Every structure is written in structure tokens, then in C-alpha cells.
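2 protein chains.
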Amino acid sequence: MYEGPIQDLIDELAKQPGLGPKGAQRIAFSLLAGEKSDIDRLVAALQRVRDDVTFCSECGNVSANPRCRICSDARRDATKICVVEEPKDVNAIERTKEFAGRYHVLGGALDPLSGIGPDQLRIRELLRRLGNQEDGIDVTEVIVATDPNTEGEATATYLLRMLKDFPGLAVTRLASGLPMGGDLEFADELTLGRALSGRRALA
Amino acid sequence: MYEGPIQDLIDELAKQPGLGPKGAQRIAFSLLAGEKSDIDRLVAALQRVRDDVTFCSECGNVSANPRCRICSDARRDATKICVVEEPKDVNAIERTKEFAGRYHVLGGALDPLSGIGPDQLRIRELLRRLGNQEDGIDVTEVIVATDPNTEGEATATYLLRMLKDFPGLAVTRLASGLPMGGDLEFADELTLGRALSGRRALA
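Note that the protein sequences, when read in sequence, are chains A and B.
790 is the number of the first residue of the first sequence in my numbering; add one for each residue after it.
790 is the number of the first residue of the second sequence in my numbering; add one for each residue after it.
Chain A extracted, bound-state conformation (with noise of 0.2 angstroms):
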């Protein structure tokens, strides 16, 4: 529709996920009426990215280098490993600053329809990371963190099998619930059952 290189950066925006070919066309436009080196600054972290960024080798987590930021820094509590499906749920969990343990990030859920079975999640890592406790620090509890939906659920269910031979392990999962700030009345069935099933005595 547009000449040559416009076209191609508004099909290479669209290819993103949350921007169809109206946002991809609206960045475009933005970009070609700002200033080059907005455009440069945009390239080179693109860049970065491609070039710097790997996967930690003992989480799994994104990083800038072999082993993460959390992995490497001593202080956090290495009995206490927390398992998410995504790296920017380990911000998520990052954010509420009530977890001072460690990390193991899977890489998905199961979803066989998908095709994503245990092979494809980073499973057999976090097996060996709980065998191999080379550092003489035993994993005392994995929290397993994956989403409250199906997949997230199939996974919790399916490392809850693969862990409970582990001795001395607690395997926890996230509480499911009303949300803080929600509404009782506006609560769908499925988490006020879960609510109402978690029931804690009062302190």
C-alpha cells in the first residue's frame, strides 16, 4: 500500500503481538516524523538484545549474562526455589518484594495440544538442580508459581508428581482467590470455590 520501505516496516511491525496493521502503521508514521536518532536509539537496543541477551544457565531466566542478576547474587535465599512459566513472571513476583529466594523459569506450560509436553519445558533442569546440590544447600521448598489455568494447573499437578520423592522438599503452590481490592458479589464460581475451599482461621 505504502512505498517500498515504509510498507515493509509497518509488515514488520504488524508481526508483533497487540499491534495490528492500524498500531504497526501509526508507530511508523511516529518514526518517520521524529528525529533519525530516535530511530537509531530503537535499532541499537533492538540490537543489544539480539547480540547480549541469553538465557541464565541455572534459572532459565533472560539475563544479560550467563548467569542472572538474582542466580548470582548470594543474599538470596538458595533453599527456596520459585517456579514460573515466563521470565516476566519472575518480575511479577520480583515486584511484590515478599520473595527473597531463587528462580526457575520453564519456558511455558504444558499443553499437548500444543504440542508442549515435559520435553519442552525446563523440567528436567530443575530435577537436576534439586539433585545435584553442588553448592552443599539443600532446596528445602519449590513454590510452584505457574498461571491458575489449565495448563498452569496440568504443570503444577504434573511437577507435584515428579517432586514429592524429593526427601525433605516441600512443594507449596500460590494461593488462588478473590483478588485484593475485588468484589465478592462480581467473583466468578470457579474463584470464590477456590476461595472458599483455601479458607484460612483467622489470626
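Worth flagging that the hints you see were computed from the coordinates, not collected in a lab.
Since the structure is predicted, the reported quantities are computational estimates derived from the model, not experimental observations.
Be aware that one or more of the hints could be misleading.
Chain copies aren't distinguished; within one or between two, either way the pair holds.
[Said to hold, decoys possible] List of simulated lysine-lysine pairs, DSBU-like, C-alpha gap at most 30 angstroms: (1) Lys804 <-> Lys877; (2) Lys804 <-> Lys869; (3) Lys811 <-> Lys877; (4) Lys811 <-> Lys886; (5) Lys869 <-> Lys811; (6) Lys953 <-> Lys869; (7) Lys886 <-> Lys804; (8) Lys869 <-> Lys825; (9) Lys825 <-> Lys804; (10) Lys804 <-> Lys953; (11) Lys886 <-> Lys825; (12) Lys877 <-> Lys953; (13) Lys811 <-> Lys825; (14) Lys953 <-> Lys825; (15) Lys953 <-> Lys886.
We have chain A; now place chain B onto it with these hints.
Same frame as chain A, now just chain B:
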């Protein structure tokens, strides 16, 4: 929040219109999870736009050449010039396949509060185009296709004042009225008022 290069990319992406931090993060992680060649293609498209895209010396539209595809197409009717605010408006009108003339891109609309006066728009270039019709073809109609909002209307009024003294030149404006497929009941008063005052005899 994320390690250096990843956060840098998210920040750069979040500067683009229509993308907030969440959308930027989603795109950054999708690029991280994908092939490096996907990043390369996006980088190449950005670099080509930076290096190859310029503005047509005649109409001001974005173009890969000093003279855009439409201005260099001899089959386009040079007696009609459609004046639009932005390059994407050219595309919108082209999609209708109802206009076979040339364009003139103003680069915006009059908006004194944002410091955009006549000198910030390509109005002088339009007057020059109408004045020196060196190719021997007289422009007989200027269609003012600025947006039907305050700034666009102000621009149209200003253009009419500047153009009314050109001999033999008709200045027209896109019709305002009910959108096709719309519902009379749900039209706002301004649109319905325009539709009424612009009513036409049934042929």
C-alpha cells in the same frame, strides 16, 4: 526492572504511540523468544526507513524517491489537488479508488495552542504549486480533505481564504454527514446537523 539491554528495549518500545509498558514488554519478550532473524528483519526495516525514506519534493508525502509514486505517475490528473493533513490520509483516500488526481500533504493542521501556525504547515508550498504551473497544466480544483474536527475545519477555512483569489480555481471540501452503515438515531447532533444542512436533491 529487567536486566540492562532488555529494559532498554522495553523503554524504547514504550515510547512508541499506542504502546505502554505492558505492550512494550510483551513485544520485547516475544522478540527474545523468537528467532534472532526476526530481530534482524525488524532492524533492517527500521534502517531502511531511516536511510531511504524522504519526503516528496512536490506533494510532501513520504516517499522512497525524491518524487513520490503518485506525483511521478503521468496518468494521475494534475488538474485536481487533494489537500490532506498526513501521509496516512493519502492512503485512506487512495483506498476509496474514487480519486485520480494528485495530493498535497500539509504535515498537520492549524493548532495555535500547540504552536502550529500556517508557517509550520506546507501551505506556502501549496501556493507555489498553484502559482507556477510550469508544466502547462492549470489546477482547476483543490479538494480540502482535512479532518472534520476543530483543527481541520480551521485549516480548511484558512486555506479557502488563501485560495479564493486564484482565477478559475474551485475550492471544495469533503462532505460531512452520516457515516455509511450508521444509524441515524445514534449520530451526534453535530454530524446530524451537518448531514441536514448538506442535504442533496435525490437524483
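Hint check:
Taking the closest pair of Cα atoms, Lys804 and Lys877 come within 30 angstroms of each other both inside a single copy (20 angstroms) and across two copies (20 angstroms). Taking the closest pair of Cα atoms, Lys804 and Lys869 never come within 30 angstroms of each other, the shortest separation being 38 angstroms inside a single copy and 37 angstroms across copies. In the homo-oligomer, the alpha carbons of Lys811 and Lys877 lie at most 30 angstroms apart both inside one protomer (26 angstroms) and across protomers (10 angstroms), since each shortest distance falls under that limit. Taking the closest pair of Cα atoms, Lys811 and Lys886 come within 30 angstroms of each other only across two copies (20 angstroms); inside a single copy the shortest separation is 38 angstroms, beyond that limit.
Proximity of Lys869 and Lys811 under a CA criterion of 30 angstroms is satisfied inter-copy only: 28 angstroms between copies versus 45 angstroms inside one chain copy. When the C-alpha separation of Lys953 and Lys869 is checked against a cutoff of 30 angstroms, the pair qualifies only within one copy, where the shortest distance is 15 angstroms, while the shortest distance between copies is 78 angstroms. For a Cα distance limit of 30 angstroms, the shortest separation of Lys886 from Lys804 across copies, 27 angstroms, qualifies, whereas the shortest one inside one copy, 34 angstroms, does not. In the homo-oligomer, the alpha carbons of Lys869 and Lys825 never lie at most 30 angstroms apart, since the shortest distance is 47 angstroms inside one protomer and 33 angstroms across protomers.
Within a single copy, Lys825 and Lys804 get their C-alpha atoms as close as 23 angstroms, and across copies as close as 14 angstroms, so both meet the 30 angstroms cut-off. Proximity of Lys804 and Lys953 under a CA criterion of 30 angstroms is satisfied in neither setting, with 42 angstroms inside one chain copy and 47 angstroms between copies. With identical chains, the CA atoms of Lys886 and Lys825 are never at most 30 angstroms apart, being 39 angstroms at best within one copy and 33 angstroms at best between copies. Taking identical chains as interchangeable, the C-alpha atoms of Lys877 and Lys953 lie at most 30 angstroms apart only when both belong to the same chain, with a minimum of 27 angstroms there against 60 angstroms between chains.
Proximity of Lys811 and Lys825 under a CA criterion of 30 angstroms is satisfied in both settings, with 22 angstroms inside one chain copy and 25 angstroms between copies. Neither within a single protomer nor between protomers do Lys953 and Lys825 lie at most 30 angstroms apart by alpha-carbon distance, with minima of 57 angstroms and 38 angstroms respectively. In this homomeric assembly, Lys953 and Lys886 come within 30 angstroms of each other (Cα to Cα) only inside a single copy, at 28 angstroms, whereas the closest approach across copies is 67 angstroms.
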